[in-house]
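We have chain A; now place chain B with the ligands onto it with these hints.
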Amino acid sequence: MANLLWLQGGACSGNTMSFLNAEEPSACDLVTDFGINVLWHPSLGLELGDNVKQILLDCISGKIQLDIFVFEGTVVNAPNGTGNWNRFCGRPMKDWVKELSDAAQFVVAIGDCATWGGIPATAPNPSESVGLQFLKRAPGGSLGTSFKSKAGLPVINIPGCPAHPDWVTQILVAVASGRAGDLTLDEFQRPKTFFTSFTQTGCTRNMHFAYKVSATAFGQRKGCLFYDLGCRGPMTHSPCNRILWNRQSSKTRAGMPCLGCTEPEFPFFDLAPGTVFKTQTVMGVPKDMPAGVDKTGYVKLTAAAKAAAPAWAEKDIFVV
Amino acid sequence: MSAADTNETLDKITKLLAGGLKTRTEGIPETEKEFGEILNELRALAPDDLEGKLVIGGFINHPYGEEQYRCMECMYYLVHRKWCDLPELAVPVEPDWWCRLWRI
Ligand code: SF4
Ligand code: SF4
Ligand code: SF4
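Sequences listed follow chains A and B, in order. Per the numbering used here, the very first residue in the first sequence carries number 7; after that it's consecutive. Per the numbering used here, the very first residue in the second sequence carries number 5; after that it's consecutive.
Think of the hints as simulated: they come from the structure by calculation, not from any bench. In this text the structure is predicted, and so the values were computed from the model without any measurement. Yeah, the Cβ is synthetic: ideal placement off N, Cα and C, and Gly gets one too. Any given hint could turn out to be false.
As the list claims (entries may be wrong) - No more than 20 angstroms apart at the CA atoms, straight line, and that leaves these computed lysine to any residue pairs for SDA-like:
| id | chain 1 | residue 1 | chain 2 | residue 2 |
| --- | --- | --- | --- | --- |
| 1 | A | Lys284 | B | Met5 |
| 2 | A | Lys293 | B | Met5 |
| 3 | A | Lys293 | B | Asp52 |
| 4 | B | Lys86 | A | Thr308 |
| 5 | A | Lys306 | B | Ile108 |
| 6 | B | Lys37 | A | Val291 |
| 7 | A | Lys301 | B | Tyr68 |
| 8 | A | Lys284 | B | Glu71 |
| 9 | A | Lys321 | B | Leu93 |
| 10 | B | Lys26 | B | Asp52 |
| 11 | A | Lys321 | B | Ala94 |
| 12 | A | Lys321 | B | Met5 |
| 13 | B | Lys37 | A | Pro279 |
| 14 | A | Lys301 | B | Ile108 |
| 15 | A | Lys284 | B | Ile42 |
| 16 | A | Lys306 | B | Arg107 |
| 17 | A | Lys321 | B | Lys37 |
| 18 | A | Lys306 | B | Tyr68 |
| 19 | A | Lys306 | B | Asp9 |
Stated by the list, open to error - Selected chain B positions facing chain A (in silico; Cβ < 10 angstroms):
| id | residue |
| --- | --- |
| 20 | Lys37 |
| 21 | Phe39 |
| 22 | Ile42 |
| 23 | Arg47 |
| 24 | Met76 |
| 25 | His84 |
| 26 | Asp89 |
| 27 | Arg104 |
Next comes chain A alone, as it looks inside the complex:
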């Protein structure tokens, strides 16, 4: 039996929605098959008011063993570092986060807000939001770089806006069933099992990427979305085309560019007008190259790929 507590800070509840839609395993499977005891969750907990507060206090004092502390949403520090814009059970949420994190065996940050600040931390960041151990790419965040939970791990970051349901439940099961030691984390503390490959890995448009055939509108059945519509698939670490959404599809499969939501800079370019769904170029050359590719190589590859492109690459191959 592993006790799990889930709290929300500056959040839209999107990750809770995602979690409740999980299928492999489902949120119910966590309880019935994997021995997770949900102490409290904002959408599932039966307790209200002082009864919730008592659970939190008991976790901090050790009366209840807190095995997994899950946090969704940013840690809000406004106004002026007090955290009073986000109060919960009589005190700033940031104070609960600190004490519960210190008491927990494992701390799991779910979604971009909890991992690195996400949309709320976008400039000018009026809520003074940070993630648990990062603010965008900068280490530190609310708990500081040296934080380790009782089990000796830093915060386990599961980013995404929202995170895919199965990334959440599969990591929770690994932790609850004593397999946390098998998890290797990347430099941003993301489980490598999900965040080493790219969104592009498994994308059905890879042939069009290779032959440099561009989609020029959303939903088109031919073409790759990198060249014109700002797809960040080649430089975003996510398994979105390996572990499909709703077990059916992904953004890029449906003709919608990847927005790079698992990376610390999301949303990119501070959402300045003209930067969303548009490949940013300097004199016609993309500003952000596919990971590991330089400009000269890219130009050469384009010339070769265009010259080699077969006729079928210019036609719809996904015919209804």
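Chain B with the ligands in isolation, oriented as in the chain A frame:
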């Protein structure tokens, strides 16, 4: 567009460019905003205003600049159809031409 129509349009463009049509090759868009402004100008044209497209697009019938940029390497160029697939242009083009909406 049928193959005959495409050939006819390509002929027309070839003649216009060979005849010295002055197009706006200056003002290559550096930012997406500038790129978008040119697209907006193109969208405001009557659908059959071929000359308008060439002028606003800044078409030339040879590669551009020191780096010899040309349609052939442009993202919007469909090699087999010899076609510019940028919706606002949507015209047949030769691989050695160029316009200021070029992107790679
Ligand atoms: S659509 Fe995006 S993810 Fe798919 S091949 Fe193109 S750039 Fe890669
Ligand atoms: S496709 Fe990209 S934007 Fe969409 S969920 Fe995956 S990583 Fe996020
Ligand atoms: S956008 Fe311009 S350079 Fe690119 S294919 Fe079309 S006409 Fe050629």
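Hints, verified against the model:
For the hint linking Lys284(A) to Met5(B), the alpha-carbon distance of about 28 angstroms lies beyond 20 angstroms, and the restraint is violated. A threshold of 20 angstroms between alpha carbons decides the hint, and for Lys293(A) with Met5(B) the separation of about 35 angstroms lies outside it, so the pair is violated. Distance hint between Lys293(A) and Asp52(B) is unfulfilled; the C-alpha atoms sit about 34 angstroms from each other, more than 20 angstroms. Of the pairs offered as hints, the one joining Lys86(B) and Thr308(A) holds, with about 17 angstroms between alpha carbons and a cut-off of 20 angstroms not exceeded.
A distance of roughly 11 angstroms separates the Cα atoms of Lys306(A) and Ile108(B); the hinted pair therefore holds under the 20 angstroms criterion. For a cut-off of 20 angstroms, the pair hint linking Lys37(B) to Val291(A) stands: about 15 angstroms separates their Cα positions. Note on Lys301(A) and Tyr68(B): the hinted pairing holds, with a Cα-Cα distance of about 19 angstroms set against a maximum of 20 angstroms. In summary, the hint linking Lys284(A) to Glu71(B) is not supported, as the alpha carbons are separated by about 25 angstroms, beyond the 20 angstroms threshold.
For the suggested pair Lys321(A) and Leu93(B), the alpha carbons sit about 19 angstroms apart, so the restraint of at most 20 angstroms is met. Between Lys26(B) and Asp52(B) the CA atoms are separated by roughly 19 angstroms; this keeps the pair inside 20 angstroms, and the hint holds. With a C-alpha separation of about 15 angstroms, the suggested pairing of Lys321(A) with Ala94(B) holds against the 20 angstroms cut-off. For the hint pairing Lys321(A) with Met5(B), the CA-to-CA distance comes to about 15 angstroms; that is within 20 angstroms, so the pair holds.
The straight-line distance between the Cα atoms of Lys37(B) and Pro279(A) is roughly 8 angstroms, inside the 20 angstroms bound, and the hint therefore holds. This hinted pair checks out: Lys301(A) and Ile108(B) have alpha carbons roughly 10 angstroms apart, not beyond 20 angstroms. For the given pair, Lys284(A) sits about 15 angstroms from Ile42(B) by alpha-carbon distance, which is consistent with the 20 angstroms threshold. Between Lys306(A) and Arg107(B) the CA atoms are separated by roughly 14 angstroms; this keeps the pair inside 20 angstroms, and the hint holds.
Proximity of Lys321(A) to Lys37(B) is assessed by CA-CA distance (about 30 angstroms); at most 20 angstroms being required, the pair is judged violated. With a CA separation close to 17 angstroms, the supplied pair Lys306(A) and Tyr68(B) stays within the 20 angstroms bound. Straight-line distance between C-alpha atoms of Lys306(A) and Asp9(B) comes to about 34 angstroms, which puts the hinted pair past the 20 angstroms bound. The closest approach between the C-beta of Lys37(B) and any C-beta of chain A is roughly 5 angstroms, which is under the 10 angstroms cut-off, so the hint is satisfied.
Contact between Phe39(B) and chain A, as hinted, is supported at the beta carbon level, the nearest pair being about 8 angstroms apart and thus within 10 angstroms. Evaluation of the Ile42(B) hint against chain A yields a violated restraint, the C-beta minimum of about 12 angstroms exceeding 10 angstroms. Among the interface hints, the one on Arg47(B) is violated; its C-beta lies about 14 angstroms from the nearest C-beta in chain A, farther than the 10 angstroms criterion. Residue-level restraint check for Met76(B) holds (minimum Cβ-Cβ distance to chain A is 6 angstroms; threshold 10 angstroms).
The beta carbon of His84(B) comes within 4 angstroms of a beta carbon in chain A, closer than 10 angstroms, and the hint placing it at the interface holds. With 10 angstroms as the threshold, the beta carbon of Asp89(B) comes within range of chain A, its nearest partner Cβ sitting at about 6 angstroms, so the hint holds. Because the beta carbon of Arg104(B) sits about 9 angstroms from the nearest beta carbon in chain A, less than 10 angstroms, this interface hint is met.
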